[in-house]
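Read top to bottom, the protein sequences are chains G and E. Residue numbers for the first sequence follow this note's numbering, beginning at 172 and rising by one. Residue numbers for the second sequence follow this note's numbering, beginning at 418 and rising by one.
In short, the hints are calculated from the structure, not lab data. Virtual Cβ for every residue (Gly too), placed ideally from N, Cα, C. Treat the hints with care, as some may be off.
[Stated by the list, open to error] Cross-link-like lysine-lysine pairs, in silico, DSBU-like; alpha carbons within 35 Å at most:
1. E:566 / E:584
2. G:307 / E:634
3. G:307 / E:566
4. E:584 / E:530
5. E:548 / E:584
6. E:634 / E:566
7. G:307 / G:216
8. G:307 / E:530
9. G:211 / E:548
10. G:211 / E:530
11. E:566 / E:548
12. E:584 / E:634
13. G:211 / G:307
14. E:566 / E:530
15. E:548 / E:530
16. G:307 / E:548
[Claimed, not checked] Calculated Cβ distances over 10 Å to all of chain E for the following chain G residues:
17. 207
18. 248
19. 251
20. 297
21. 301
22. 365
23. 374
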Amino acid sequence: MLDISPAEWTAILLSLRVAVIATLVATPFGIALAWLLARKDFWGKAVLDAVVHLPLVLPPVVTGYLLLLTFGRRGLVGAFLADHLGIVFAFRWTGAALACGVMSFPLLVRPMRLSIEAIDRRLEQAAETLGAAPFKVFFTVTLPLALPGVLAGMVLGFAKAIGEFGATITFVSNIPGETQTISSAIYSLIQTPDGDTAAGRLVIISVVIALGALIAAEWFARRATARLHGN
Amino acid sequence: MLRVDVEKQLGEFSLQASFESEGRVTGLFGASGAGKSSLINMIAGLLRPDRGTIVIDGETVDDTAAGIHVPTYRRRIGYVFQDARLFPHLNVAQNLDYGRRMNRLPSDPAQHKRVVELLDIGPLLDRRPGKLSGGERQRVALGRALLSKPRLLLLDEPLGALDEGRKLEILPYLVRLRDEANIPMVYVSHDVAELRQLATQIVMLRQGRVTSFGGVKVLT
Numbered sequence: 172m173l174d175i176s177p178a179e180w181t182a183i184l185l186s187l188r189v190a191v192i193a194t195l196v197a198t199p200f201g202i203a204l205a206w207l208l209a210r211k212d213f214w215g216k217a218v219l220d221a222v223v224h225l226p227l228v229l230p231p232v233v234t235g236y237l238l239l240l241t242f243g244r245r246g247l248v249g250a251f252l253a254d255h256l257g258i259v260f261a262f263r264w265t266g267a268a269l270a271c272g273v274m275s276f277p278l279l280v281r282p283m284r285l286s287i288e289a290i291d292r293r294l295e296q297a298a299e300t301l302g303a304a305p306f307k308v309f310f311t312v313t314l315p316l317a318l319p320g321v322l323a324g325m326v327l328g329f330a331k332a333i334g335e336f337g338a339t340i341t342f343v344s345n346i347p348g349e350t351q352t353i354s355s356a357i358y359s360l361i362q363t364p365d366g367d368t369a370a371g372r373l374v375i376i377s378v379v380i381a382l383g384a385l386i387a388a389e390w391f392a393r394r395a396t397a398r399l400h401g402n
Numbered sequence: 418m419l420r421v422d423v424e425k426q427l428g429e430f431s432l433q434a435s436f437e438s439e440g441r442v443t444g445l446f447g448a449s450g451a452g453k454s455s456l457i458n459m460i461a462g463l464l465r466p467d468r469g470t471i472v473i474d475g476e477t478v479d480d481t482a483a484g485i486h487v488p489t490y491r492r493r494i495g496y497v498f499q500d501a502r503l504f505p506h507l508n509v510a511q512n513l514d515y516g517r518r519m520n521r522l523p524s525d526p527a528q529h530k531r532v533v534e535l536l537d538i539g540p541l542l543d544r545r546p547g548k549l550s551g552g553e554r555q556r557v558a559l560g561r562a563l564l565s566k567p568r569l570l571l572l573d574e575p576l577g578a579l580d581e582g583r584k585l586e587i588l589p590y591l592v593r594l595r596d597e598a599n600i601p602m603v604y605v606s607h608d609v610a611e612l613r614q615l616a617t618q619i620v621m622l623r624q625g626r627v628t629s630f631g632g633v634k635v636l637t
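I would like the entire structure built from these sequences, with the hints used as guidance.
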């Protein structure tokens, strides 16, 4: 049953690469945004919060289309990046990573934000009285205490990224070896006669990856609780 | 060495306090809601006065007229809170070392040994704060503040969260600290007995105003 063909391997490895890169690049932005939403009050905060969550409620095809309009070869940002920095997203695996990053961002940010909100701010005050400047307080107290939430966000974001389909296929199409992830490979296979067995293999692999990610997220959440109680 | 002359409006409550203390231990005495914590938080820089000046050890750390407000982390103070506030993700040894690392002070094993012995916290060094009793936590918090080498030690009801037995356990350490550590302290309490034992000067606060100032005998 699990006799995986080279083409399927290509899709699996591409999915992993796309999801890993999407998660790693999104993480610093996610932490910064989570901190901003947890700690700061500013004009337009509600709007920013809504925009972050938008990919969760918009039809993925809409998000993908908007990405195509913005980051496509002729899109406003896409043209600039291509002409000045040589970065091209359209119909490349980097575009798939961008789509996955955007789609998974709300899930990545949420646990990070919750764990930052759960931190006792009086601990940060204590750090300040001991001579720690604000950025040192962040790196020695806030971030370590939020770390389990940060990791949980990364795991959830990764799981979402690896399963992303709609926005990716709309934005960068379904090119084997370049943009064909597990999801788009399954989609192609179930439209092909005799593709059922191969599709079934990829389905099992997706389930295993997703389940593993959810279990890992749960484990990190438990660690977070233990850590905040000082055990 | 400590000069305070501040005004602060906090909602309905107005605080107006002025005193100057050379004492080794300045006791801030008053009922709850008298403004003791607000005052000590202003000395710490955690709260900013609306008007006035605060001078620690000759350095002006607050002067609203001149626009001076030295942030807490540059005041070189130590602060022992009622609720210890040890870092839960660090063990006792790392908690003790935190202030030294943040202030980039060279390691000082002799001082470290002295403080650990003074507070009897040697056996606790490997433990996490979650595994300590209330009294042990408070002793570690004291050690952590001392090891950051402050020029002024602020204590906000450090015994307030402890039961009578634990208070009696900690009090002797505070007396030793006063007599041996050679760091001026500001000690907030609503407990007359505690201040009689520890303080050398008393600032009495009532509803946001200083009602008397002087030696321990003002605590009648």
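Hint by hint, work out which the structure violates, then give me just those numbers in ascending order.
2, 10, 20, 21
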